[in-house]
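There are 2 protein chains.
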Amino acid sequence: MAHHVVVVGGGFGGLETARRLERHDVKVTLIDRQNYHLFQPLLYQVATAGLSPGDIASPIRNLVASRPNVEVRMGDVVGVDLANKRVKLADGELSYDSLVLAAGVRHSYFGKSQWEGDAPGLKTLDDALEIRRRVLLAFENAEREDDPVKRAGWLTFVVVGGGPTGVELAGAISELARFTVAKDFRRFDPRTAKVVLVEAGPRVLAAFDTGLSGKARASLEKLQVDVRLQTRVQDVTSEGVQLPDGFLPAKTVLWAAGVEAPPLSKTLGVETDRSGRIKVQPDLSIPNHPNAYVIGDLAWFPLPDGSSLPGLAPVALQQGKHVAEVIGAGLDGRPKEPFKYLDKGIMATVGRASGIAQAGSLRLSGMLGWLAWLFIHILFLIGFRNRIIVLLQWTWAWFTYGRSARLITGTTPVPHARPVVVEVPREKVAS
Amino acid sequence: MAHHVVVVGGGFGGLETARRLERHDVKVTLIDRQNYHLFQPLLYQVATAGLSPGDIASPIRNLVASRPNVEVRMGDVVGVDLANKRVKLADGELSYDSLVLAAGVRHSYFGKSQWEGDAPGLKTLDDALEIRRRVLLAFENAEREDDPVKRAGWLTFVVVGGGPTGVELAGAISELARFTVAKDFRRFDPRTAKVVLVEAGPRVLAAFDTGLSGKARASLEKLQVDVRLQTRVQDVTSEGVQLPDGFLPAKTVLWAAGVEAPPLSKTLGVETDRSGRIKVQPDLSIPNHPNAYVIGDLAWFPLPDGSSLPGLAPVALQQGKHVAEVIGAGLDGRPKEPFKYLDKGIMATVGRASGIAQAGSLRLSGMLGWLAWLFIHILFLIGFRNRIIVLLQWTWAWFTYGRSARLITGTTPVPHARPVVVEVPREKVAS
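Protein chains in written order, with the numbering used here: chain A, 19 to 449; chain B, 19 to 449.
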């Protein structure tokens, strides 16, 4: 019977492993909770109505259809028995010969999980649709609100966390308000909407050089985003956020402040960092479990300076490829090589025409940084069709400031609806 | 103060009225439960993963942004006080001088509303996403099912109702199984999936000539759809449908068998047909309420033969335009003209390359009928961008048999998950 590799997670890392294993005499089972692979770097575009879910997601089965040795299983992994080499799913168990954990991370509330309902994070497509719903409904609710104080609450958007996701969300929401829906409302000017980006550290996009980080901040401020650095959120409620200098009323709060490993990680009984990421050996295996590997955001891969590799798509892709090679080497009796990350640089975008990129000694910002960002992201978007459609959407949006996916979907479209019928004087209605 | 027109519903009829009223000195409030206008004729494409929601829906505010006299309100109309000219919303009230009811219809279970959970209908975008979810999950569940009888249940799709929606759904699901996902599964052949179209009457697409209707049936059968005419569904459960000749096991049942007016219609105290559609005067007003009009699917407009105008987009569009003119005439003191429907024909499609069209003495079928259908539908799709994108998606799908929006979204992606961990013998897993 062929060597059985179970891959948990169909993100960048897991998918790469499954696809790369085609050269080897192995049977692969790729498990994911969803039926699609998600191009996570553009998820904020779905959350801000720029792209549709179908533009950045492709069915996993489709992506491995040409690999007859890969079986895809939609399922929820609830635990792993490393000693007996078994993966526990919500609806069954699987044995493995080699295991690749590529389950990713979720957003973390640093122990304040009660904030989640009032400040959703952005990790899944369903998260993105929920954020889109809240952002668009906030404008709808502002339109029907007559009390100026309450209306201001609907028109204030707080984004917590100044990393790439937080910066991209804040920039996109500000553009949405200032350009896309600028003429859509009759009772208020959407350009008065306030977007506040709250970051605990001393600068946004801290992974970049101080210079580029400052340029990103300047771009945000040009888009009227109120950037508050060295500011820690003390509490989140349905009415706003408590900051050190007072309560900031805001009906829409989005969380982009940190990540943690899924609960699965704690069930393994292996060494993790504080956020639950699993510490791996140089060959990406778990210590004392040479046939169990961890890759991508879930892996804590040590660097010489004591830190670890960041949670980036290129890291996951390279690790996915490496694990496939290591498994092949094991089967052939060759030595397992240590993983080496080839740093090709990092990039982020602020709004529709400004971005920053940093690779080796190269530094790009402004329009040039944005074009570099656009080129790379469309290049890596899986599926020829998606690339064309996204490029077309972007070209269209560029000239019209349109955001085409401005749909409020979900089961309760009118959350602000009060159960009691309120009499509205006719003057207010027809004025 | 300007004459206040309240339009209930942002579908083809309501939107047309609101847009056409721009020429008159009126203030318009357009109310819809959703924030988008939906191109309903292509909704089955979203339900079968061919198009994304954003391709066939546009924000209503955007569509009337250039009409400063139109105010859009997202809200749920729960009743109308015709005597006092007030519209009751779930969260308030509005006074009107003229009222246009264009609230459409929903699917009807002919008194068997308990079937709704097991046999969802297709009227809204959320309905379409729910159907897409069920259809795609059925294949996922078939892949993890080892019992051949249970697997056959997951691979049987029953569509109830042989009108345009039922025919389009059945054709598209059969193509999805036979072409799009044909290579995606390892434990069964998706081409063995059974699609059964159940129609109580003697033929499908009964609005068409017998000849065209027969051709549509032949096209369906060529796509392996099992068409059962003169067959009435006696019961629907989560396990299948009870037909006169026995129980047909099917985990996925879709309802396209009939429509009825929303509850709003019954609260008005006016004359309706059996399905709740409101009987209107020749000028589209409600008898005894000259300033309250009903248009589109919700209107029962009498024809000389005692029947009524069908619920079609062209009828709604023409009525929307007519009501705007009638309201203008009333303001100017001119007489209100009776509505005359200009029948430009009807068309339907079966699968990706066959359609039927009937206009005057013109009859088209096969590829030609499909091209006519495609041309008209893309032409009328609102928004230049949508047209381009949809055309591109279709071209792509035509050559690849791909259905790009094959995403299972929603909160419980794995409904089949059992709470108890079942031990699966390793042979079954790795074989």
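The hints are simulated quantities; they were obtained by calculation from the structure and are not laboratory data.
There's no promise every hint is true.
One copy or any two copies: either way a pair holds, since identical chains are not told apart in the list.
[Claimed, not checked] Each computed DSSO-like pair below joins lysine-lysine, with the alpha-carbon atoms no more than 27 angstroms apart: (1) K103 / K212; (2) K358 / K201; (3) K339 / K201; (4) K45 / K201; (5) K168 / K362; (6) K339 / K45; (7) K284 / K212; (8) K212 / K106; (9) K201 / K130; (10) K362 / K103; (11) K106 / K168; (12) K354 / K201; (13) K130 / K354; (14) K297 / K339; (15) K45 / K141.
Okay, the hints, checked on the actual structure:
1. Neither within a single protomer nor between protomers do K103 and K212 lie at most 27 angstroms apart by alpha-carbon distance, with minima of 52 angstroms and 38 angstroms respectively.
2. Taking the shortest Cα distances, K358 and K201 never come within 27 angstroms of each other, neither inside one copy (52 angstroms) nor across copies (36 angstroms).
3. Proximity of K339 to K201 under the C-alpha cut-off of 27 angstroms is restricted to the inter-copy arrangement: shortest distance 24 angstroms between copies versus 49 angstroms within a copy.
4. Proximity of K45 and K201 under a CA criterion of 27 angstroms is satisfied inter-copy only: 17 angstroms between copies versus 56 angstroms inside one chain copy.
5. Neither within a single protomer nor between protomers do K168 and K362 lie at most 27 angstroms apart by alpha-carbon distance, with minima of 47 angstroms and 50 angstroms respectively.
6. Within a single copy, K339 and K45 get their C-alpha atoms as close as 17 angstroms, which meets the 27 angstroms cut-off; across copies the closest is 62 angstroms, which misses it.
7. For the homomeric pair K284 and K212, neither the shortest alpha-carbon distance inside one copy (40 angstroms) nor that between copies (44 angstroms) is at most 27 angstroms.
8. In this assembly of identical chains, K212 and K106 lie within 27 angstroms of each other by CA distance neither inside one copy nor across copies; the values are 46 angstroms within and 33 angstroms between.
9. For the homomeric pair K201 and K130, neither the shortest alpha-carbon distance inside one copy (38 angstroms) nor that between copies (45 angstroms) is at most 27 angstroms.
10. In this assembly of identical chains, the alpha carbons of K362 and K103 never lie at most 27 angstroms apart, being 35 angstroms within a copy and 67 angstroms across copies at closest.
11. Within a single copy, K106 and K168 get their C-alpha atoms only as close as 49 angstroms, which misses the 27 angstroms cut-off; across copies the closest is 23 angstroms, which meets it.
12. When the C-alpha separation of K354 and K201 is checked against a cutoff of 27 angstroms, the pair qualifies neither within a copy, at 61 angstroms, nor between copies, at 34 angstroms.
13. Taking identical chains as interchangeable, the C-alpha atoms of K130 and K354 are never at most 27 angstroms apart, the minima being 41 angstroms within one chain and 64 angstroms between chains.
14. With identical chains, the CA atoms of K297 and K339 are at most 27 angstroms apart within one copy only, with a shortest distance of 19 angstroms there and 67 angstroms across copies.
15. With identical chains, the CA atoms of K45 and K141 are never at most 27 angstroms apart, being 30 angstroms at best within one copy and 43 angstroms at best between copies.
In summary, the structure is inconsistent with hints 1, 2, 5, 7, 8, 9, 10, 12, 13 and 15 from the numbered list given earlier, while agreeing with the others.
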